[in-house]
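S.K.: Now for the letters of each chain:
There are 2 protein chains.
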Amino acid sequence: MAMMYNQMGLIGCGLMGGSLALALKRAGLVKQVVGYSKSPSTTAKARQLGVIDVEAKSAMQACAGAELIVLAVPVAATGETFKTIRQFVQPDVLTMDLGSTKQDVVQAAEKQLGWNAQYFVPAHPIAGKEVAGVEHADATLYHGAKVVLTPTPATAIDKVEQAQALWKALGSHVFILSALEHDSVLAAVSHLPHLLAFAYVNSLLGRDESERLLRLAGPGFRDFSRIAAGDATLWRDVLLANRVEIAGRLRELVLSLQQFQRAMHAGDADALEALIRKASVARSQWHD
Amino acid sequence: MAMMYNQMGLIGCGLMGGSLALALKRAGLVKQVVGYSKSPSTTAKARQLGVIDVEAKSAMQACAGAELIVLAVPVAATGETFKTIRQFVQPDVLTMDLGSTKQDVVQAAEKQLGWNAQYFVPAHPIAGKEVAGVEHADATLYHGAKVVLTPTPATAIDKVEQAQALWKALGSHVFILSALEHDSVLAAVSHLPHLLAFAYVNSLLGRDESERLLRLAGPGFRDFSRIAAGDATLWRDVLLANRVEIAGRLRELVLSLQQFQRAMHAGDADALEALIRKASVARSQWHD
Numbered sequence: 001m002a003m004m005y006n007q008m009g010l011i012g013c014g015l016m017g018g019s020l021a022l023a024l025k026r027a028g029l030v031k032q033v034v035g036y037s038k039s040p041s042t043t044a045k046a047r048q049l050g051v052i053d054v055e056a057k058s059a060m061q062a063c064a065g066a067e068l069i070v071l072a073v074p075v076a077a078t079g080e081t082f083k084t085i086r087q088f089v090q091p092d093v094l095t096m097d098l099g100s101t102k103q104d105v106v107q108a109a110e111k112q113l114g115w116n117a118q119y120f121v122p123a124h125p126i127a128g129k130e131v132a133g134v135e136h137a138d139a140t141l142y143h144g145a146k147v148v149l150t151p152t153p154a155t156a157i158d159k160v161e162q163a164q165a166l167w168k169a170l171g172s173h174v175f176i177l178s179a180l181e182h183d184s185v186l187a188a189v190s191h192l193p194h195l196l197a198f199a200y201v202n203s204l205l206g207r208d209e210s211e212r213l214l215r216l217a218g219p220g221f222r223d224f225s226r227i228a229a230g231d232a233t234l235w236r237d238v239l240l241a242n243r244v245e246i247a248g249r250l251r252e253l254v255l256s257l258q259q260f261q262r263a264m265h266a267g268d269a270d271a272l273e274a275l276i277r278k279a280s281v282a283r284s285q286w287h288d
Numbered sequence: 001m002a003m004m005y006n007q008m009g010l011i012g013c014g015l016m017g018g019s020l021a022l023a024l025k026r027a028g029l030v031k032q033v034v035g036y037s038k039s040p041s042t043t044a045k046a047r048q049l050g051v052i053d054v055e056a057k058s059a060m061q062a063c064a065g066a067e068l069i070v071l072a073v074p075v076a077a078t079g080e081t082f083k084t085i086r087q088f089v090q091p092d093v094l095t096m097d098l099g100s101t102k103q104d105v106v107q108a109a110e111k112q113l114g115w116n117a118q119y120f121v122p123a124h125p126i127a128g129k130e131v132a133g134v135e136h137a138d139a140t141l142y143h144g145a146k147v148v149l150t151p152t153p154a155t156a157i158d159k160v161e162q163a164q165a166l167w168k169a170l171g172s173h174v175f176i177l178s179a180l181e182h183d184s185v186l187a188a189v190s191h192l193p194h195l196l197a198f199a200y201v202n203s204l205l206g207r208d209e210s211e212r213l214l215r216l217a218g219p220g221f222r223d224f225s226r227i228a229a230g231d232a233t234l235w236r237d238v239l240l241a242n243r244v245e246i247a248g249r250l251r252e253l254v255l256s257l258q259q260f261q262r263a264m265h266a267g268d269a270d271a272l273e274a275l276i277r278k279a280s281v282a283r284s285q286w287h288d
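Residue numbers (UniProt numbering), protein chains in the order written: chain Z, 1 to 288; chain B, 1 to 288.
No wet-lab data here; the hints were simulated from the structure.
Among the clues, some could well be false.
Intra- or inter-copy, both count: the list cannot distinguish identical chains.
[What the hints assert, rightly or not] Keeping only pairs whose Cα atoms sit at most 20 angstroms apart, straight-line, the calculated DMTMM-like set for lysine to aspartate or glutamate is:
1) 278 / 252
2) 57 / 252
3) 159 / 138
4) 83 / 67
5) 129 / 288
6) 159 / 211
7) 25 / 270
8) 146 / 209
9) 25 / 53
10) 25 / 158
11) 278 / 211
12) 38 / 273
13) 146 / 211
14) 129 / 223
15) 31 / 104
16) 278 / 209
17) 25 / 211
18) 129 / 80
19) 57 / 138
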């Protein structure tokens, strides 16, 4: 059974944080959300849209009295945020983040919170939209989504259980991994595809023919490149924070691509078909 | 206004050809479809599903008496098919293909049909599904789809107009390009993404961790890799037929990727953000 929280402090009223606030209120797990965003106009908009109930003037003010604290800021801002709110990360409060990388977040928590980092549960809901901003917040974003928690050996068991129950109550599927495993897996299934999609779209631009190219693009292009529309700030931080793992995955991709290039160059239809069939069978069998 | 055809000869009763037969019959543009597939069981299934009306025992039999002939075979089989049916490609018949590459198809037509290649209109509807086979044929597949016609300077104008009218009557958006332009554009917006998606999926496979990786894959992975489930025979032929153009586009991608790698390696957040923003803005503005 998930706990009920009288007050949630939300730091970062964007798509991810806003969606969580809406979902928790709709599920009756949170009574009141006090929200803070670095940009006052975002905080005001979140209030107008009913995503948060009270506008806080600072991250500290958002956390005062909260039983649940959620950091929904770009991952690079995690350390700074923890520094500001460290006094509120306490045994009777569940503190989580929503960041897409986890080793850097765990490090930042340990550095800024010290011993009290044990009350913080690093969380990454694998969900999102190609549009950012609180105006796209959606109470159903996490329903059916995969959520990875990456507690350290020091993390308090009861906090992990509380976090697990919270996400399950929203209809998410919870996985528990180490931060290292998380970053390695996500580099493969999320960060590398984003990097490829960004680089691919840019490779089409900047020439006279770009417009004609894009006019003839069809459904394959649409799906393949959808993630290239991702938020620049968020993905900048993710690609930087996890660059070592991503570079490793990119090397694997290049090796795989070279197999295709060799078969194409040699005109080896059988080898090429076998390579495509391997991918096609694996992708056809996958379902989320 | 689109012409009406009493009889359509369909060679290749798969997803693409079957969908066209269904669409033309539903639109009242074709009365009877005589179909042939290399595999007799496919031809029989197409008849049972009502995609074709009459099973032909050979490609020639499918074409005898047809006013509209459609080749819907893997592109590498185009030459051989034209050789078999060359006597039926005549001034009073509209002959089209549906292949994803066009320079090789035009060459095969000129070689096998000689002077009568002028009655053949090379066509490529940019549509498809991640599943192949006549059982997935869909009368609405081409509605709203982009269709590229690549007539040569020799192609009869009235045949191009007939082909154009036919596709427009199905709700498709028709573009006319040279075969070279087509192959260059499609290498960029379709063939390269397929190659990347195939190679990417294969790069995740074959290790103990593959299963765990795929279990944690989310909506980004789903969309990015959807086209990796494409038909192996079809894509083998496309990647081989258009390998020169694809190799050129791949080089552009590698250059673009290197810009990201440099920024990531240098930890240059501003440069990285600018690169991502360029892609994100372009992709956000695109719509099909």
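S.K.: How do residue 278 and residue 211 come out at 20 angstroms by Cα distance, when the copy is not named: within, between, both, or neither?
M.R.: between (34 angstroms within a copy, 15 angstroms between copies)
S.K.: Given identical chains, is residue 159 near residue 211, meaning Cα to Cα at most 20 angstroms, within a copy, between copies, both, or neither?
M.R.: The answer is neither: 52 angstroms in one copy and 28 angstroms across copies each exceed 20 angstroms.
S.K.: My question is about residue 159 and residue 138: at a cut-off of 20 angstroms on alpha-carbon distance, are they close within one copy, between copies, both, or neither?
M.R.: neither (26 angstroms within a copy, 51 angstroms between copies)
S.K.: For residue 278 and residue 252, with the copy left unspecified, which applies at a CA distance of at most 20 angstroms: within, between, both, or neither?
M.R.: Classified as within: same-chain Cα gap 16 angstroms, cross-chain 26 angstroms, threshold 20 angstroms.
S.K.: Check residue 83 against residue 67 for me: Cα-Cα at most 20 angstroms, and say if that holds within a copy, between copies, both or neither.
M.R.: Within one copy, since 18 angstroms is at most 20 angstroms while 77 angstroms is not.
S.K.: I want to check one pair: residue 146 and residue 211. Are their C-alpha atoms no more than 20 angstroms apart within a copy, between two copies, both, or neither?
M.R.: So residue 146 and residue 211 pass the 20 angstroms test across copies only (15 angstroms; inside, 37 angstroms).
S.K.: Check residue 129 against residue 80 for me: Cα-Cα at most 20 angstroms, and say if that holds within a copy, between copies, both or neither.
M.R.: neither (26 angstroms within a copy, 47 angstroms between copies)
S.K.: Under a CA distance limit of 20 angstroms, which applies to residue 25 and residue 211: within one copy, between copies, both, or neither?
M.R.: neither (45 angstroms within a copy, 35 angstroms between copies)
S.K.: Up to 20 angstroms between alpha-carbons, please classify residue 278 paired with residue 209: within, between, both or neither.
M.R.: Intra 34 angstroms, inter 17 angstroms, cutoff 20 angstroms: inter-copy only.
S.K.: Since the copies are identical, ignore which copy is meant and state whether residue 38 and residue 273 lie within 20 angstroms (CA to CA) inside a copy, between copies, both or neither.
M.R.: Result: close only across copies, 19 angstroms inter versus 52 angstroms intra.
S.K.: Are the CA atoms of residue 57 and residue 252 at most 20 angstroms apart within a copy, between copies, both, or neither?
M.R.: neither (47 angstroms within a copy, 47 angstroms between copies)
S.K.: At most 20 angstroms between CA atoms: does that hold for residue 31 and residue 104 within a copy, between copies, both, or neither?
M.R.: Close neither inside one copy (31 angstroms) nor across copies (66 angstroms); limit 20 angstroms.
When held up to the earlier numbered hints, the structure conflicts with 2, 3, 6, 7, 10, 15, 17, 18, 19 and fits the remainder.
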